[in-house]
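Protein chains: 2
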Amino acid sequence: MSQKNEFDLIRLYFAPLADDKGALNLQDDAALYIPTPGNELVLTTDTIIEGVHYLPDTPPEKIAAKLFGVNLSDLAAKGAKPKACLINFAPHKNISEAWIAEFTAQVGAALKAYDIKLLGGDTVAAPNQAMFSLTLIGEVASGGMVQRGGAKIGDDIFVTGTIGHGFIGLEDAKAERSSPCRDLFEYPQPPLAFALVAASYMSAAVDVSDGLAADLGHICKASVCGMQIDLPAIPFADPVSKNLLAQLNGGDDYQLAFTAASENHDKLKQLAAEQSIQLSKIGHITDGSDLILLNSDGLTLDYSSTGTSQELPSGFSHFGMKK
Amino acid sequence: MSQKNEFDLIRLYFAPLADDKGALNLQDDAALYIPTPGNELVLTTDTIIEGVHYLPDTPPEKIAAKLFGVNLSDLAAKGAKPKACLINFAPHKNISEAWIAEFTAQVGAALKAYDIKLLGGDTVAAPNQAMFSLTLIGEVASGGMVQRGGAKIGDDIFVTGTIGHGFIGLEDAKAERSSPCRDLFEYPQPPLAFALVAASYMSAAVDVSDGLAADLGHICKASVCGMQIDLPAIPFADPVSKNLLAQLNGGDDYQLAFTAASENHDKLKQLAAEQSIQLSKIGHITDGSDLILLNSDGLTLDYSSTGTSQELPSGFSHFGMKK
Chain F
1 MSQKNEFDLI
11 RLYFAPLADD
21 KGALNLQDDA
31 ALYIPTPGNE
41 LVLTTDTIIE
51 GVHYLPDTPP
61 EKIAAKLFGV
71 NLSDLAAKGA
81 KPKACLINFA
91 PHKNISEAWI
101 AEFTAQVGAA
111 LKAYDIKLLG
121 GDTVAAPNQA
131 MFSLTLIGEV
141 ASGGMVQRGG
151 AKIGDDIFVT
161 GTIGHGFIGL
171 EDAKAERSSP
181 CRDLFEYPQP
191 PLAFALVAAS
201 YMSAAVDVSD
211 GLAADLGHIC
221 KASVCGMQID
231 LPAIPFADPV
241 SKNLLAQLNG
251 GDDYQLAFTA
261 ASENHDKLKQ
271 LAAEQSIQLS
281 KIGHITDGSD
291 LILLNSDGLT
301 LDYSSTGTSQ
311 ELPSGFSHFG
321 MKK
Chain P
1 MSQKNEFDLI
11 RLYFAPLADD
21 KGALNLQDDA
31 ALYIPTPGNE
41 LVLTTDTIIE
51 GVHYLPDTPP
61 EKIAAKLFGV
71 NLSDLAAKGA
81 KPKACLINFA
91 PHKNISEAWI
101 AEFTAQVGAA
111 LKAYDIKLLG
121 GDTVAAPNQA
131 MFSLTLIGEV
141 ASGGMVQRGG
151 AKIGDDIFVT
161 GTIGHGFIGL
171 EDAKAERSSP
181 CRDLFEYPQP
191 PLAFALVAAS
201 YMSAAVDVSD
211 GLAADLGHIC
221 KASVCGMQID
231 LPAIPFADPV
241 SKNLLAQLNG
251 GDDYQLAFTA
261 ASENHDKLKQ
271 LAAEQSIQLS
281 KIGHITDGSD
291 LILLNSDGLT
301 LDYSSTGTSQ
311 ELPSGFSHFG
321 MKK
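In the order they appear, the protein sequences are chains F and P. Numbering-wise (my numbering), the first sequence opens with residue 1 and increments by one. Numbering-wise (my numbering), the second sequence opens with residue 1 and increments by one.
In short, the hints are calculated from the structure, not lab data. Treat the hints loosely; a few may be bogus.
Just so you know, same-sequence chains aren't split out, so a pair can sit in one copy or run between any two.
To be verified - Under the rule of at most 25 Å between Cα atoms (straight-line distance), these lysine to aspartate or glutamate pairs were calculated in the DMTMM-like manner:
no., residue 1, residue 2
1, K62, D297
2, K117, E40
3, K242, D266
4, K221, D19
5, K62, D172
6, K93, D57
7, K221, D20
8, K62, E176
9, K117, E139
10, K221, D8
11, K21, E139
12, K152, D172
13, K281, D266
This one's a predicted model, so the numbers in the text were calculated from it and none came from an experiment.
Please construct the entire structure, taking both the sequences and the accompanying hints into account.
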């Protein structure tokens, strides 16, 4: 894109999406955001790079869907309502207008679905590899942000949805197979509506993006606690597969893993049912510092933290704390 | 960088810079920002791409300095005090630890100089070309943001500093010549302190990043007005050069151009003097829609809006409204 076309394209495709007053008609280099009184802001940003997060021939609508999905998942884990966003848009210098039209159509669909205001951003043509960053601004009632560090000994551990559909979906995408897992991998559906009503009943939360094992490790590290996880209780996307460890470590699930005190269980189950969200109790917080995985025999399982997709062996060990 | 090294490097080099409570020790995928009561937020983001905004062999401290300079300049033009930031850090996959150390040292210097809190961001290795985005959060008293659209007929037009040092600095950098213009080009020094005290006396403002002519055009378009500019009054970095048009269009000056009612002139001059800021009155707002450039004979000058660095011809025309 030439510099001139770039401006034309902003006007043509992004300006109609940026209809909030704070976007200043995208005629400015900055945007105005007026926080809702009594609220605090939750900020998150994630970058999607061609050749790292998606293959060069990925359709633009899938890139835009992923860009919003991964960031919305981060806000869900904080119990934060998405309010506004900025997009750093750096497509290939030789992309077509049709590409931009398809990308921005999906951006518009995400903005509408989640009631997010596009306030601004930055557009530049990338010479060698495209890259897109989304910065999301969410709000929580003051003091209401769910953190990773709030888990207490005795709390139970829950996950929403299924675990491992990210890994299986990637395999299906590579093999060009259609499947429900591939749909979830390409169009992440973080349980945001559930998170917003359930956040006040959670003691700690994380979104499952790095792999359930690693993400639970984030809670252990931040909360300075251990975990005991019941392997048969994990809702694997493909529970009869031999690649359970790969499903556990594959990431890209964009579900929530969270902890909660026992008095909140009934309320959480009720809220999940109201939202048609699958909710599974998979273990509890311990006073150690390790993540112990128990199989159906009650034996702890040997586990290598390298994240390779070997079959789950039996024996004893624990997850290394990643990150 | 491998995935593992990436996490190590965040911890080693970015974590010490992210010492605000809202950064959550960079152990989370989101950050907390608590707005100051009575304030509104000004958001800006800009991306720096290897091969577009800097040459591949540019020292990392210059890349970091530019990343902060261009974004701080945007906040200055709004009269907004920088408060916090997020960094999308996508260096080359094969960069050295020394490179990261130098980059983050300059980031640390900028955070300290402007009292900005690093709250978070995103790190990923870029396979083909590095890219860095900075999202800055600034604050203004409610209703106090200077906009591009506030210029009134009869207002005078001012610029801070000199115009054209960006263009000359780039030429010097290409020729590997040391010069004060090159220093300003590589280490932008937007007049932020002046902007913060003077903003309430401005009716409209813009930072000079696209070139003075284009940036004044932004004010014309947003304020629905025309301008008459006195060429001899423009404080060119090299006023005896034959490339005045290039200095006018080159951009990368990161100074302020703003408009103000006549009753505010004395106060603005006083504030500029207190800050040792060069302040030049270069024209006034008209009721037309064109940007008219007058030379020393009082004749309007022919001007091509293509932004080429041809010598200024005499004759009659006006600036096309560039975005």
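For this session: Since the copies are identical, ignore which copy is meant and state whether K242 and D266 lie within 25 Å (CA to CA) inside a copy, between copies, both or neither.
Result: Neither. Shortest intra-copy (34 Å) and inter-copy (78 Å) distances fail the 25 Å Cα cut-off.
Problem set entry | 25 Å Cα threshold - placement of E40 relative to K117 | both (17 Å within a copy, 16 Å between copies)
Exercise. Quick one: K93 to D57, C-alpha cut-off 25 Å, is that within a copy, between copies, both, or neither?
Worked result: both (15 Å within a copy, 21 Å between copies)
Problem set entry | Copy assignment of K221 with D20, given that the CA separation must stay at most 25 Å | between (40 Å within a copy, 19 Å between copies)
Exercise. Can you tell me if K281 and D266 fall within 25 Å by alpha carbon in one copy, between copies, both or neither?
Worked result: Only inside one copy: K281 and D266 sit 12 Å apart there, 69 Å across copies, limit 25 Å.
Problem set entry | Alpha-carbon proximity context of K62 and E176, limit 25 Å | So K62 and E176 pass the 25 Å test inside one copy only (14 Å; across, 44 Å).
Exercise. What label fits K21 with E139 when the C-alpha limit is 25 Å: within, between, both, or neither?
Worked result: Classified as both: same-chain Cα gap 18 Å, cross-chain 17 Å, threshold 25 Å.
Problem set entry | 25 Å Cα threshold - placement of D172 relative to K62 | within (15 Å within a copy, 43 Å between copies)
For this session: Tell me, please, which holds for K62 and D297 at an alpha-carbon limit of 25 Å: within, between, both or neither?
Result: This pair counts as neither: shortest intra-copy Cα distance 42 Å, inter-copy 59 Å.
Exercise. At most 25 Å between C-alpha atoms: does K117 with E139 qualify within a copy, between copies, both, or neither?
Worked result: both (13 Å within a copy, 19 Å between copies)
For this session: State whether the alpha carbon distance between K221 and D8 is at most 25 Å within one copy, between copies, both, or neither.
Result: Intra 48 Å, inter 15 Å, cutoff 25 Å: inter-copy only.
For this session: Have a look at K152 and D172 and pick one of within, between, both or neither, based on CA distance no larger than 25 Å.
Result: Result: close neither inside a copy nor across copies, 38 Å intra and 60 Å inter.
In this structure, the earlier hints numbered 1, 3 and 12 are contradicted, and the remaining ones agree with it.
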